[in-house]
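Chains A and B, in that order, give the protein sequences.
Counting from 1, position 243 in the first sequence corresponds to residue 243 in the numbering used here; the numbering is continuous, with no gaps.
Counting from 1, position 96 in the second sequence corresponds to residue 96 in the numbering used here; the numbering is continuous, with no gaps.
Be careful, since some hints might not be right.
Said to hold, decoys possible - Distance windows between CB atoms, simulated:
(1) T132/A - V37/B: 17 to 23 Å
(2) V40/B - A187/A: 28 to 34 Å
(3) V40/B - L222/A: 41 to 47 Å
(4) I165/A - V37/B: 34 to 40 Å
(5) P110/A - V37/B: 24 to 30 Å
(6) V18/A - F44/B: 27 to 33 Å
(7) A187/A - V37/B: 25 to 31 Å
(8) G200/A - V40/B: 26 to 32 Å
(9) V37/B - G203/A: 42 to 48 Å
(10) R62/B - A157/A: 52 to 58 Å
(11) R62/B - G200/A: 53 to 59 Å
(12) E73/B - G142/A: 21 to 27 Å
What the hints assert, rightly or not - Covered by chain A, according to a simulated footprint, are these stretches of chain B (three or more residues, beta-carbon under 8 Å):
(13) 40-50
(14) 59-72
Simulated from the structure, these hints should not be mistaken for laboratory data.
Owing to the predicted nature of the structure, the values given are computational and were not obtained by experimental measurement.
For glycine and all other residues, C-beta sits at the position ideal for the given N, C-alpha and C.
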Amino acid sequence: MASEGGLSIDPMHQFQIVPLFGEGPLHWYTPTNQTLWLAVTVLAVIGVLVLGSTRRAIIPGRLQSMGEVFYSFVHSMVEDVTGHEGAKFFPYIMVLFTFIVTANLMGLIPGAFASTSHIAVTATLALAVFLTVTLVGLYKKGIGFLAMFWVTSAPLALRPILALIEVISYFVRPVSHSIRLGGNMMAGHAVMKVFAGFAGVMGIGSIVPIAAIAAIYGLELLVAVVQAYVFAILTCVYLRDAVGEAHH
Amino acid sequence: MASTAETVAGAAGEATEKGMPQLNFGTWPNQIFWLVVALVIIYFVLTRIALPRIAAVLAERRGTIGNDLAAAEELKGKAKAAEKAYNLALEQARAEANKIIAATKAEIKADLDAAMAKADAEISAKAAESEKRIAEIRAGAMDAVSEVARDTAGALVSALGGQADAATIDAAVAARLKG
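For reference, chain A alone in the conformation it holds in the complex:
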């Protein structure tokens, strides 16, 4: 592809999903390159959170400390944002955050496949959050959950308009929730690929794009963690609507 001559950069090629074995058609169960990196993500999670804590040491080692910091961080986030009522959703938030942050970081390994740069992945996560929040809210508060759209602190005349806006923003949530994460991941990897393409054809001058890649890589590490955090904390905020007292 790059050998077509001249500057031919295909930054999207890295996101191509191909079967892991052979060239056969892509069934829904076919193991792909994405499947491989999802497996790597799962193994990394097990490595840090399970193998790191096998010794159950009172004075933790490095890996165990990592797991504990991770645990405490997410636990306090869930408790701070969703309140005491939401604390029982901690395992779900933990699964979400653990998966996203690990997949983001694994995707940054050179040559890896970034699972979270696919809208299919982030949309599934966001939709799961959306459905959970909606169902939990309706189950916990019944029809009172809809009071969230009726802004009682606003003048009566404005309330129907605000309700319409609130409803629209509520249903837009999963879209923004998923595109924010997927878009960030995709853009970062695509930009690095573009610079890598420059580096391939610039000869000695390629030192400039290589330096740029190093800088962007550092930024992407930050983005990987921050976007996972944003995803998790937004999930907590949405959950607060469902379980906490009304905040409008």
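For chain A, the structure is supplied; the task is to place chain B on it using the hints.
Just chain B, lined up with the frame of chain A:
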């Protein structure tokens, strides 16, 4: 459903080589399936193994720290009590020492006073004796002087060729000595 997904995937795979792979909806069932598998595995690993274990370790550590703090608090109290007892003992010892010092001082003073009195008495006795002796010596000396004077006077008178009786010489010497 699988067959439709398959055909869509096949068609889309060829058609969108240049497009965004993210929007190749043919791969979505595959992606979602494996994502769900990964999430379910992580969910079970976390809820069955990792989270209870980490929670237990954290709780245990909190307990250990709490116990240690309580023990430290207790030891601190003990140390304070010990310090108090020590200070009390020190104060008592100091008072005792002061008492002993005062007693010793008084004793020494009494001894000293007694010795001084004795020494004074001895000194005055000695002085009295000495005075007596001096008086005696002085008296002796006066006698000797009058005798010598008498003898000398007698010798002088006889040397000058005179005759003098003892009574006259005695009277003259006594008069001179008084004068």
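We went through each hint and held it up to the structure:
{"no.": "1", "hint": "T132/A - V37/B: 17 to 23 Å", "in the structure": "19 Å, holds"}
{"no.": "2", "hint": "V40/B - A187/A: 28 to 34 Å", "in the structure": "29 Å, holds"}
{"no.": "3", "hint": "V40/B - L222/A: 41 to 47 Å", "in the structure": "30 Å, violated"}
{"no.": "4", "hint": "I165/A - V37/B: 34 to 40 Å", "in the structure": "38 Å, holds"}
{"no.": "5", "hint": "P110/A - V37/B: 24 to 30 Å", "in the structure": "26 Å, holds"}
{"no.": "6", "hint": "V18/A - F44/B: 27 to 33 Å", "in the structure": "29 Å, holds"}
{"no.": "7", "hint": "A187/A - V37/B: 25 to 31 Å", "in the structure": "27 Å, holds"}
{"no.": "8", "hint": "G200/A - V40/B: 26 to 32 Å", "in the structure": "41 Å, violated"}
{"no.": "9", "hint": "V37/B - G203/A: 42 to 48 Å", "in the structure": "46 Å, holds"}
{"no.": "10", "hint": "R62/B - A157/A: 52 to 58 Å", "in the structure": "54 Å, holds"}
{"no.": "11", "hint": "R62/B - G200/A: 53 to 59 Å", "in the structure": "55 Å, holds"}
{"no.": "12", "hint": "E73/B - G142/A: 21 to 27 Å", "in the structure": "50 Å, violated"}
{"no.": "13", "hint": "40-50", "in the structure": "holds (count 8)"}
{"no.": "14", "hint": "59-72", "in the structure": "holds (count 3)"}
When the structure is compared with the earlier hints, violations turn up for hints 3, 8 and 12 and for no others.
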